[in-house]
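Below, each chain spelled out in residue letters.
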Amino acid sequence: MIEMKDIWKTYNNGIKAINGIDIKIDKGEFVYIVGPSGAGKSTFMRMMYREEVPTSGTIIINGKDVGKMKNKNVPKLRREIGVVFQDFKLLPKLTVYENVAFALEVIEESKASTRKRVMEVLSLVNLKNKARFLPDELSGGEQQRVSIARAIVNNPNILLTDEPTGNLDPETAWGIMDLLDQINNRGTTVIMATHNKDIVNTFRKRVIAIDGGLVTRDEARGEYGYEN
Amino acid sequence: MKIKTFGRHGKEGFKNLGRNGWMTFASISAVTVTLLLVGVCLALLLNLNAFGDQLESDVEISAFIDITAKPEQQDELKSKIENISEVESATYQSKEDGLDQLIDNLGDEGEVFESLRDENPLSDAFLVKTKDPQDVNKVAQEIEQLENVQNVEFAEDTVNKLFKVLEIARNVGLALVIGLLFTAMFLISNTIKLTIVARSHEIEIMKLVGATNWFIRWPFLIEGILIGILGALIPIGILIYGYYYLIDLIANRFPTFIIDLLPVTPFVYQLSGLLVVLGVIIGTWGSLTSMRKFLKV
Ligand SMILES: Nc1ncnc2c1ncn2[C@@H]1O[C@H](COP(=O)(O)OP(=O)(O)OP(=O)(O)O)[C@@H](O)[C@H]1O
Ligand SMILES: [Mg+2]
Chain V
1 MIEMKDIWKT YNNGIKAING IDIKIDKGEF VYIVGPSGAG KSTFMRMMYR EEVPTSGTII
61 INGKDVGKMK NKNVPKLRRE IGVVFQDFKL LPKLTVYENV AFALEVIEES KASTRKRVME
121 VLSLVNLKNK ARFLPDELSG GEQQRVSIAR AIVNNPNILL TDEPTGNLDP ETAWGIMDLL
181 DQINNRGTTV IMATHNKDIV NTFRKRVIAI DGGLVTRDEA RGEYGYEN
Chain S
1 MKIKTFGRHG KEGFKNLGRN GWMTFASISA VTVTLLLVGV CLALLLNLNA FGDQLESDVE
61 ISAFIDITAK PEQQDELKSK IENISEVESA TYQSKEDGLD QLIDNLGDEG EVFESLRDEN
121 PLSDAFLVKT KDPQDVNKVA QEIEQLENVQ NVEFAEDTVN KLFKVLEIAR NVGLALVIGL
181 LFTAMFLISN TIKLTIVARS HEIEIMKLVG ATNWFIRWPF LIEGILIGIL GALIPIGILI
241 YGYYYLIDLI ANRFPTFIID LLPVTPFVYQ LSGLLVVLGV IIGTWGSLTS MRKFLKV
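Chains as they are written, first to last, in full-length UniProt numbering: chain V, 1 to 228; chain S, 1 to 297.
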């Protein structure tokens, strides 16, 4: 469960990115975050995995107060949250397999269970046959699937995706949506910031619209609602 | 930490060294120069110190007794000297013994004094040792005031000069060493900064997937420590070899050399150990500095 109470965020440069947000997201939900560029969507997401700390207010994730959390507890929080970006952030010199395994290696998982889990997620994202490929040798959609595999390899119960289809053509984007839907169906909460009107209007889910750092709309089966 | 994890950090640390080879080389060279200087300075200073101690403990005051003093007056003088709180001991030396010693000290050239045996120009004396060599001056002045003391002698100038030289050498050495330590540390921290920048992508992902801060830090710490240890190797080699050579040279060529150098063992090994420790400290310090600035974990 994710709960934000009266969240404000002012960056060091004085920009007020979030100006009083109250929101609740239940376990297992699929939520779109929409809004114009600069509205504060990414800031909103970054506060959940404590990449940014709110200036005031409380964020509770899985029962823990993320804003007041000690630095040494942040890694534990991040093991419960998977994060996916528009630009994939794969390590270019590692193979598909290694990129996914990396996420488990650095949290000191055993080799045997790493191997098992990586093969599982690679088959979920349908890339088992390209395990030995380097990122350069994959299409954009495939790269994004690798980055999703890496995000979920540790079985997080929340998956944050910030414009995951932003760099992909429409058809490939739908492939990614299929995958996110599958992951959501297995019980993972999926939150997706997006500018993709077609997807939001076709694959209908809860829509939270953010504008000027405020929630301007929150609908259970919402629409995109902007011209783009 | 699990052994496997430590192995990983070690491997990554070594990989880091290779990642920007020239900077690593520059850092190791800086540590090498620094530690070489530290080693030479320390070897010198410790030897000079030991020599100073030896001299200090040799510093005696010769209090010559008035020729007119009667035996009881001599005894009285002895107990007065011994009553001065800084005095450790006062030993009687007859003028004959004094002359013997003088002749002995001068070696071959002393022969000429043999002719003086009959009309010995020296006086009987008390050889006074102080508890603390620093008090020599003060005690000498006090003794000079006593009755039946003809005059007082001690190697004042030599000792004072030596102390001065020692102090200057110590300070100059220290300043130089501190300057070099900072330079080496600065170079190491810059090298590690380059590694951190080169690996920023990886670090970002590690943080994202929940690697602990220390898991992220260790490879950089190990990189710094390795630079420190590698930088200590050459100075240790030079120092051990050089010191052996020096001792050997002195023993064979200048057997009468006045300064007794500290014996090779355990001195060079203690010094080597110290250099390794210093290398590790500089390396750790350099990587911590760099991590504090550039590794926002
Ligand atoms: N690290 C930062 N430091 C300072 N200001 C920032 C930072 N990140 C974002 N901002 C500012 O905060 C505001 C909200 O930015 P944010 O990235 O959250 O918007 P967004 O809704 O994700 O936009 P987009 O749709 O373009 O991705 C913007 O005005 C932006 O300039
Ligand atoms: Mg954004």
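It is worth saying that the hints were derived from the structure and are not from the lab.
A portion of the hints provided could be inaccurate.
[Claimed, not checked] Straight-line Cα separation of at most 27 Å, DSSO-like style, residue types lysine-lysine; simulated pairs: (1) S:129 with V:72; (2) V:93 with V:24; (3) S:164 with V:93; (4) V:93 with S:80; (5) V:16 with V:93; (6) V:205 with V:93; (7) S:95 with S:80; (8) S:4 with V:111; (9) S:70 with S:15; (10) S:95 with V:93; (11) V:76 with S:129; (12) S:131 with S:164; (13) V:16 with S:95; (14) S:95 with V:111.
Cross-check of the supplied hints:
1. S:129 with V:72: Roughly 63 Å between the alpha carbons, so the hint for residue 129 (chain S) and residue 72 (chain V) is violated.
2. V:93 with V:24: Given that 27 Å is the threshold and the Cα spacing comes to 40 Å, the pair is violated.
3. S:164 with V:93: violated, 62 Å
4. V:93 with S:80: violated, 88 Å
5. V:16 with V:93: violated, 38 Å
6. V:205 with V:93: violated, 37 Å
7. S:95 with S:80: Satisfied, since the Cα-Cα distance of roughly 21 Å is no more than 27 Å.
8. S:4 with V:111: holds, 10 Å
9. S:70 with S:15: violated, 86 Å
10. S:95 with V:93: violated, 90 Å
11. V:76 with S:129: violated, 70 Å
12. S:131 with S:164: Holds. Residue 131 (chain S) to residue 164 (chain S) sits at ~21 Å (cutoff 27 Å).
13. V:16 with S:95: violated, 97 Å
14. S:95 with V:111: With Cα atoms ~89 Å apart, residue 95 (chain S) and residue 111 (chain V) exceed 27 Å; violated.
Violated hints, listed in ascending order, are 1, 2, 3, 4, 5, 6, 9, 10, 11, 13 and 14; each of the other numbered hints is respected by the structure.
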